[in-house]
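Please model the complete structure; the sequences and the hints are all you need to start from.
Here are the chains, one letter per residue:
2 protein chains.
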Amino acid sequence: MPDAVALLSEAAALAERALDARLPAESVEPARLHRAMRYAIFAGGKRLRPALVLLACRAVGGRDVSAAPGLAAVEMLHTYTLVHDDLPAMDDDDLRRGRPTCHKAFDEATAILAGDALQAAAFGAAAELGAEAVRVLARDAGSLGVVGGQQDDLDAEGKPVDGALLERIHRRKTAALIRASCELGAIAGAASSAQRQALAAYGEALGLAFQIADDVLDVTATAATLGKTPGKDAAQGKLTYVAVHGLDAARAEGARQASLAQAALAEFGPRGAELAELARFVVERRS
Amino acid sequence: MPDAVALLSEAAALAERALDARLPAESVEPARLHRAMRYAIFAGGKRLRPALVLLACRAVGGRDVSAAPGLAAVEMLHTYTLVHDDLPAMDDDDLRRGRPTCHKAFDEATAILAGDALQAAAFGAAAELGAEAVRVLARDAGSLGVVGGQQDDLDAEGKPVDGALLERIHRRKTAALIRASCELGAIAGAASSAQRQALAAYGEALGLAFQIADDVLDVTATAATLGKTPGKDAAQGKLTYVAVHGLDAARAEGARQASLAQAALAEFGPRGAELAELARFVVERRS
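These protein sequence lines map, in sequence, to chains A and B.
Numbering-wise (the working numbering), the first sequence opens with residue 1 and increments by one.
Numbering-wise (the working numbering), the second sequence opens with residue 1 and increments by one.
Honestly, the hints are just simulated from the structure, not real lab data.
Errors might be hidden in some of the hints.
Identical copies look the same in the list; a pair holds intra-copy or inter-copy alike.
Stated by the list, open to error - Quick list of in silico lysine-lysine cross-link-like pairs, BS3-like style, CA-CA up to 30 Å:
1. 232 to 159
2. 238 to 159
3. 104 to 46
4. 104 to 232
Please read these numbers as outputs of a predicted model, since none were measured by experiment.
Listed below in structure tokens is the structure:
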């Protein structure tokens with residue numbers, strides 16, 4: 001079986017094609033808007049969420065080609081949230097994946113609109129998988145999912161540490177879309193209800209493991225490996241797992257959630273091996 | 001038959017209920033986000049787009065209850081675009097429907113997120129009508145529809161007048177979602193392909209008539225009747241129909257597009273009467 005790096009790279013190649021096919025060319029008017037959308041999308045991210053759609057689809061016996069719209073949908077959704085989170089009124093970040101953020105490379109208005117259009121395109125892509133995929137994405141992307149998590153995250157800045165609020169932020173801001181990615185893969189692969197539930201449980205645990213690993217990397221990584229400014233969470237008084245529980249407890253909890261994710265794959269037998277390998281990678285990665 | 005004011009008021013009552021049922025209560029966390037979403041949605045707008053969903057559904061013999069998710073979808077989509085358009089980085093408006101804009105009543109970050117969450121909720125509501133409704137909404141809300149129109153509108157500020165660009169902006173920024181509203185009503189009412197095409201043609205012409213009437217009102221109305229600052233388009237050097245062609249030509253073109261809209265309803269016979277009345281109202285309104 002290929003290792004996580006090879007799996008991510010395979011999924012990334014499929015994702016690039018699925019995204020390119022669904023985004024208007026840079027020459028299409030309004031050209032500035034389409035340039036900004038493509039700048040944000042084709043920035044060399046890990047493509048973790050598309051990989052989850054792909055591997056979840058495979059785990060239930062679905063074909064790669066069936067998953068393609070889902071790969072595009074979750075990456076466009078994720079990218080729009082990054083573009084908006086980086087805005088001056090939000091996290092005010094200048095660097096993303098080692099390059100100027102969208103509003104720095106273009107301007108604020110264009111970045112807001114590029115994010116808005118990417119969200120619309122994400123739902124258009126999800127619709128290719130049917131109405132149920134749209135329902136899942138809308139639930140996990142909205143005010144009780146990713147957007148709600150970002151609001152809580154902003155509101156928590158500089159406030160006393162609060163373990164319950166931290167967990168709610170992690171579940172909504174990060175785990176929700178990672179779980180949705182697994183569910184979209186399940187839907188694309190025509191999973192049974194039990195299979196979809198198992199993949200959702202995997203996604204939820206993996207999402208928590210991923211966010212905790214992110215919090216750890218913010219204090220342990222360098223800007224060169226991370227592609228963004230490390231130490232920024234601490235400087236902004238962000239509520240992180242490390243701030244609440246310390247570095248050792250964060251590493252232990254990340255590993256525990258990764259194990260929970262792997263345990264949720266039991267019923268897939270060998271077909272769950274690729275997703276299990278991804279769970280291992282998520283907590284051991286350096287960037 | 002009830003007149004346009006009565007029809008709009010009937011649709012508004014249905015829309016309030018459909019929206020209320022699909023938005024989390026203000027007490028649900030993050031409470032600040034849900035307060036901002038409801039503040040923006042329940043601001044006493046005309047509810048023109050929900051009315052179009054409702055009346056288009058009726059025109060093809062559909063039941064009001066089938067249209068309800070569509071009423072909510074188009075109004076949430078429309079409201080999110082207003083919240084984002086009002087932001088300081090965009091049109092920088094302080095007043096909307098006679099009240100402080102969302103970022104003035106809350107803050108910029110919350111307004112960006114409330115808009116983002118409203119867009120997600122709009123697609124969730126559209127999914128209740130099935131994947132085709134989502135596809136239509138995604139097409140007309142995205143970079144080749146509403147968002148693309150807003151980008152063109154911003155890029156055109158202070159530039160020489162350009163009739164072709166003006167028409168593109170009107171078609172995308174305003175007519176696209178008005179046409180989509182008619183199409184969602186058609187889908188909700190299980191319209192034939194010919195019926196849906198006729199309703200789309202009606203919506204396109206009505207959308208142009210509506211935007212031209214808006215441009216006229218910006219120079220002829222008072223703040224009290226308009227609920228927002230009149231004369232703002234001219235002050236910002238916005239590309240409007242009046243700026244390009246003059247007030248008399250604008251009034252004539254608005255009336256012509258309203259007639260085209262009414263002509264598109266021929267095949268519906270008496271069932272098209274309510275939509276025809278709405279077209280009359282759109283160009284004769286004072287606010």
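Checking residue 104 and residue 232: alpha-carbon separation at most 30 Å within a copy, between copies, both or neither? The answer is both: 18 Å in one copy and 28 Å across copies each meet 30 Å.
Which holds for residue 104 with residue 46 at a C-alpha limit of 30 Å: within a copy, between copies, both or neither? Cα proximity of residue 104 and residue 46: one copy only (22 Å, versus 37 Å across).
How would you classify residue 238 and residue 159 at a CA-CA limit of 30 Å: within, between, both, or neither? within (9 Å within a copy, 43 Å between copies)
Intra- versus inter-copy proximity for residue 159 and residue 232 (alpha-carbon distance at most 30 Å): Answer is within: at 16 Å inside a copy they meet the 30 Å cutoff, but 40 Å across does not.
Going down the numbered hints, you'll see the structure goes against none, and every one checks out.
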